[in-house]
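Novice: Sequence:
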Amino acid sequence: MPNITERYQVDLDGDGREDEVVCFPMASVDRPKTWDGPPVTLVGLASGERFAMSGGAGVDEPLGCPSPTSTASGSGLPTLLLQRAGAGTSSSVTLRFDRKGPMLVASNVNPRFSLRRMDLLAQSAATFHYTPPDPEDPDSEGNESKWEGSARVVSDLESTVLPSPGQVTWGQKNWKGPEDADLTVSLRRRGDLMVVSVRLRDDKTVVAADASPKAILAADHLELRWMEWGTTRFMRDQQVELGVARNKQGAPVATWFKPPKKKDTPPPTIRWTAPEAVEVEVPLAWFMPTPAKLDYYDPTRATAQFTVFFSDGDGRGQETLVNADPGMLFVADPGRPFPSLAQVVQPWVRVEDGATLRSLLW
Numbered sequence: 523m524p525n526i527t528e529r530y531q532v533d534l535d536g537d538g539r540e541d542e543v544v545c546f547p548m549a550s551v552d553r554p555k556t557w558d559g560p561p562v563t564l565v566g567l568a569s570g571e572r573f574a575m576s577g578g579a580g581v582d583e584p585l586g587c588p589s590p591t592s593t594a595s596g597s598g599l600p601t602l603l604l605q606r607a608g609a610g611t612s613s614s615v616t617l618r619f620d621r622k623g624p625m626l627v628a629s630n631v632n633p634r635f636s637l638r639r640m641d642l643l644a645q646s647a648a649t650f651h652y653t654p655p656d657p658e659d660p661d662s663e664g665n666e667s668k669w670e671g672s673a674r675v676v677s678d679l680e681s682t683v684l685p686s687p688g689q690v691t692w693g694q695k696n697w698k699g700p701e702d703a704d705l706t707v708s709l710r711r712r713g714d715l716m717v718v719s720v721r722l723r724d725d726k727t728v729v730a731a732d733a734s735p736k737a738i739l740a741a742d743h744l745e746l747r748w749m750e751w752g753t754t755r756f757m758r759d760q761q762v763e764l765g766v767a768r769n770k771q772g773a774p775v776a777t778w779f780k781p782p783k784k785k786d787t788p789p790p791t792i793r794w795t796a797p798e799a800v801e802v803e804v805p806l807a808w809f810m811p812t813p814a815k816l817d818y819y820d821p822t823r824a825t826a827q828f829t830v831f832f833s834d835g836d837g838r839g840q841e842t843l844v845n846a847d848p849g850m851l852f853v854a855d856p857g858r859p860f861p862s863l864a865q866v867v868q869p870w871v872r873v874e875d876g877a878t879l880r881s882l883l884w
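This note's numbering numbers the first residue of the sequence shown as 523 and each following residue consecutively.
None of these hints come from the bench; they were simulated from the model. Keep in mind the model is a prediction, meaning the values are calculated, not measured. Just so it is clear, CB atoms sit at the ideal spot from N, CA and C, and this is done for glycine as well. Certain hints may be false.
[Said to hold, decoys possible] SDA-like cross-link-like pairs, simulated, lysine to any residue; straight-line CA separation at most 25 Å:
1. K815 - E798
2. K736 - L679
3. K784 - L816
4. K780 - F756
5. K815 - N630
6. K783 - T812
7. K622 - K785
8. K736 - P790
9. K815 - G839
10. K785 - P774
11. K780 - Y818
12. K622 - W778
13. K784 - E745
14. K815 - K698
15. K770 - G839
16. K668 - K698
[What the hints assert, rightly or not] Pair by pair, the computed Cβ-Cβ distance ranges are:
17. G610 - D725: 53 to 61 Å
18. R621 - G839: 50 to 58 Å
19. P805 - E583: 32 to 40 Å
20. D725 - T653: 21 to 29 Å
21. K695 - L603: 46 to 54 Å
22. S569 - G772: 23 to 31 Å
23. S569 - P805: 42 to 50 Å
24. G610 - R838: 54 to 62 Å
25. T653 - G598: 38 to 46 Å
26. P560 - T787: 31 to 39 Å
Generate the whole structure from the sequences, applying the supplied hints.
Specialist: Structure (structure tokens):
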């Protein structure tokens with residue numbers, strides 16, 4: 523029998539009860555009686571469910587037993603940190619649990635010359651990439667690229683409110699402040715839809731004369747932009763843009779500024795619930811990465827890209843664009859607060875009654 527390397531209690535599912543974490547090494551394949559192989563981590567919830575994690579992901583192997591972090595990202599939520607390393611590479615995942623299994627709340631992937639991280643508790647994300655100098659070019663100095671932004675999760679448990687006021691991305695000289703043009707955006711899952719709820723601030727409302735693209739572009743309108751992912755690994759991804767306005771009767775009018783690949787796709791369901799408030803029900807399948815794009819152990823490599831813009835014109839055509847951008851966007855399964863942990867990101871299994879130690883190495 524293996525010796526237990528780590529054992530501790532921590533509330534990983536938020537029900538106020540301590541859950542059990544046990545970590546022990548398995549026997550090596552070439553030395554079956556020597557318990558110095560890769561570690562297996564068992565998580566037993568107080569509610570009775572048990573889960574096991576073993577092995578690494580991508581090019582990285584487990585770096586010892588996982589450790590608890592009682593104040594992850596300052597949130598006060600205990601999490602489980604699994605660290606991994608390879609030849610010049612490293613990575614980690616940070617997990618919460620519920621009765622369905624582990625959920626991803628943070629990741630950090632460091633291939634050679636780059637870094638990609640996200641933290642859904644801190645709502646932060648960053649990427650860094652370094653291109654070394656060309657050894658055959660004496661004048662080459664290499665190149666660095668950096669990005670810092672946010673990461674958020676959309677669930678059906680509560681709405682995700684994006685930062686406000688929005689960011690002016692075009693027409694700064696025409697913008698007089700949030701009272702001139704601004705938007706507050708909240709996102710929430712509803713079945714197979716994401717409900718985009720927008721509340722506008724506008725000192726002068728301009729409605730659309732009709733449902734034509736020209737009339738919508740001339741009016742105060744929303745622009746919802748997202749990436750439509752290719753259905754195969756090498757299929758091109760495509761930018762989609764939907765314009766949404768209202769007419770004199772207060773009814774919604776919409777048009778595709780950049781249509782989806784399926785040209786006869788009708789606009790989604792749109793409701794103006796007040797002159798300054800609108801809801802758009804966008805099918806998740808329209809903007810979520812396809813399975814062909816989710817075959818890599820870095821969960822930030824393919825994430826939903828969805829941005830909402832408010833175009834303000836005050837009757838003189840398009841003058842200002844103010845946007846609300848969630849950054850890296852993840853979508854949780856129904857009834858869960860965080861995205862499910864994909865097998866390619868970190869292998870795991872549910873431990874059924876009667877399971878053996880050997881069965882935990884899959």
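Novice: State for each hint whether it applies.
Specialist: Hint check:
1. Between the alpha carbons of K815 and E798 the distance comes to roughly 37 Å, so the proposed pair goes past 25 Å and is violated.
2. A C-alpha spacing of about 38 Å is found between K736 and L679, which places the hinted pair above 25 Å, so the restraint is violated.
3. For the hint linking K784 to L816, the alpha-carbon distance of about 22 Å falls within 25 Å, and the restraint holds.
4. For a cut-off of 25 Å, the pair hint linking K780 to F756 stands: about 21 Å separates their Cα positions.
5. This hinted pair checks out: K815 and N630 have alpha carbons roughly 19 Å apart, not beyond 25 Å.
6. A C-alpha spacing of about 14 Å is found between K783 and T812, which places the hinted pair at or below 25 Å, so the restraint holds.
7. For the proposed pair K622 and K785, the alpha carbon gap of about 39 Å is over 25 Å, so the pair is violated.
8. Under the criterion of a C-alpha separation no larger than 25 Å, the hint pairing K736 with P790 is consistent with the structure, at around 20 Å.
9. A distance of roughly 39 Å separates the Cα atoms of K815 and G839; the hinted pair therefore is violated under the 25 Å criterion.
10. Between the alpha carbons of K785 and P774 the distance comes to roughly 21 Å, so the proposed pair stays at or under 25 Å and holds.
11. In summary, the hint linking K780 to Y818 is not supported, as the alpha carbons are separated by about 29 Å, beyond the 25 Å threshold.
12. A distance of roughly 39 Å separates the Cα atoms of K622 and W778; the hinted pair therefore is violated under the 25 Å criterion.
13. Distance check on the hinted pair: K784 and E745 sit about 19 Å apart at the alpha-carbon level, within 25 Å; holds.
14. Taking the CA atoms of K815 and K698, the gap is about 42 Å. The hint is violated against a cut of 25 Å.
15. Restraint check for K770 and G839: the C-alpha separation of about 17 Å stays at or below 25 Å, so the hint holds.
16. The hinted pair formed by K668 and K698 fails the criterion: a straight-line CA distance of about 31 Å is larger than 25 Å.
17. Restraint check, G610 to D725: a C-beta distance of roughly 56 Å satisfies the suggested window 53 to 61 Å.
18. The hinted window of 50 to 58 Å between R621 and G839 holds, with their beta carbons roughly 54 Å apart.
19. About 39 Å separates the C-beta atoms of P805 and E583, a value consistent with the hinted range of 32 to 40 Å.
20. Look at D725 against T653: about 47 Å separates their beta carbons, and that is not inside 21 to 29 Å.
21. At roughly 47 Å, the beta carbons of K695 and L603 sit within the given window of 46 to 54 Å.
22. The given range of 23 to 31 Å is broken by S569 and G772, whose C-beta atoms sit roughly 49 Å from each other.
23. Our hint of 42 to 50 Å for S569 and P805 is violated, since their Cβ atoms are close to 33 Å apart.
24. Between G610 and R838 the beta carbons are some 57 Å apart, a value that agrees with the proposed interval 54 to 62 Å.
25. The beta-carbon spacing between T653 and G598, approximately 40 Å, falls within the hinted interval of 38 to 46 Å.
26. Between P560 and T787 the Cβ separation comes to about 47 Å, which falls outside the hinted range of 31 to 39 Å.
Violated hints for the displayed structure, listed by number in ascending order: 1, 2, 7, 9, 11, 12, 14, 16, 20, 22, 23, 26.
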